[in-house]
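Number of protein chains: 4
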Amino acid sequence: MENLQESLRKFAAAREWQPFHTPKNLAMALSVETAELTEIFQWMEGEESRRVDDSTRKHIAEEVGDVMIYLTMLADKFDLNPLHCAREKMLLNAVKYPAPKP
Amino acid sequence: MENLQESLRKFAAAREWQPFHTPKNLAMALSVETAELTEIFQWMEGEESRRVDDSTRKHIAEEVGDVMIYLTMLADKFDLNPLHCAREKMLLNAVKYPAPKP
Amino acid sequence: MENLQESLRKFAAAREWQPFHTPKNLAMALSVETAELTEIFQWMEGEESRRVDDSTRKHIAEEVGDVMIYLTMLADKFDLNPLHCAREKMLLNAVKYPAPKP
Amino acid sequence: MENLQESLRKFAAAREWQPFHTPKNLAMALSVETAELTEIFQWMEGEESRRVDDSTRKHIAEEVGDVMIYLTMLADKFDLNPLHCAREKMLLNAVKYPAPKP
Chain U
475 MENLQESLRK FAAAREWQPF HTPKNLAMAL SVETAELTEI FQWMEGEESR RVDDSTRKHI
535 AEEVGDVMIY LTMLADKFDL NPLHCAREKM LLNAVKYPAP KP
Chain R
475 MENLQESLRK FAAAREWQPF HTPKNLAMAL SVETAELTEI FQWMEGEESR RVDDSTRKHI
535 AEEVGDVMIY LTMLADKFDL NPLHCAREKM LLNAVKYPAP KP
Chain Z
475 MENLQESLRK FAAAREWQPF HTPKNLAMAL SVETAELTEI FQWMEGEESR RVDDSTRKHI
535 AEEVGDVMIY LTMLADKFDL NPLHCAREKM LLNAVKYPAP KP
Chain H
475 MENLQESLRK FAAAREWQPF HTPKNLAMAL SVETAELTEI FQWMEGEESR RVDDSTRKHI
535 AEEVGDVMIY LTMLADKFDL NPLHCAREKM LLNAVKYPAP KP
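Residue numbers (the numbering used here), protein chains in the order written: chain U, 475 to 576; chain R, 475 to 576; chain Z, 475 to 576; chain H, 475 to 576.
All copies of an identical chain are treated as equivalent in the list; a pair is satisfied when it fits inside any one copy or across any two copies.
Only pairs whose alpha carbons sit at most 27 angstroms apart, straight line, appear in this in silico DSS-like list of lysine-lysine:
id: 1; residue 1: Lys563; residue 2: Lys532
id: 2; residue 1: Lys484; residue 2: Lys551
id: 3; residue 1: Lys563; residue 2: Lys551
Simulated from the structure, these hints should not be mistaken for laboratory data. These figures come from a predicted structure and were not determined experimentally.
Isolated chain U (complex conformation) (with noise of 0.2 angstroms):
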């Protein structure tokens, strides 16, 4: 993961994309490209979004790729880490919706 981060930010100062990429600008990019991923799945029923072909596949696997870089760059300007965060953000969620005592 801090490997992607470091990738990621050489990459946007080789381009010369950092006055860009305020914090504002990649939440509404992060919006656009989730907006992508949502696209494929509009006009299917529920079921028929579990089985998909190997090229819807591969589309999927690249708006993926998308969210995930700008989720990184956004969270990287507050020098947080998705993964860490999803933890702890399941810590919180787990008090919140206990599982039901067996």
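Position chains R, Z and H relative to chain U; hints supplied.
Just chains R, Z and H now, kept in the frame of chain U:
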């Protein structure tokens, strides 16, 4: 990452959420969580969004966690790892947007 | 419609919100309101979403109102009327997706 | 407005799109169209977004049209009129955010 995917799988199973967790529904939930991140920045100026106070940073960390959770669960339905997808997508982006020669 | 645009202009002016109401910010706010509408349907089955109770319908009406408000304010910044834009777009769509011959 | 709703109903019926037009799917499509509007502004500064060239304004008009079309179709599934919903919501907002006394 594999660790997080495994934990999320168990978390959903213990709460019997799998029937609701179709890729279509997870994509919708991802877009809703992304909007909660967007909401934090919606009335800020670009530069202003780089300097947030501690309480806002904590809020950002929670929403980044939620986005990461839904992205990971969605990717997992297709045996995809978001970190690998980001790596692959960066290679494609490097071709699409070549860095200027020094 | 012109009536609504006029009322929204006065509403924002009375609260001195114009400096915040750049098209960029209004587009972000629109995406946040849209997500609040999406959230209502995120865990429902397709058919289930056709049959909602009175309290959900009331909630939908409020969120439709919010989306319409931000869409109208955004369009107004460019002297556009959403109803006319929809009409124009339908003409383009009729060419793009011709109805099958009877 | 009623006119537009009637035209959209006929347009969808002539193409046999009604089975796909569940409220859930229309909400997803609305969020995708909203993102296409957001995309136009994502790398602009706030003030810059107030001054767009003719070709961008044309692009905005088309995306506003698409958002209005899906919002209208979604509202129609619940016998709601987006203009009335916006009016009602403004009354609630006037209470929530009272204008400062002169």
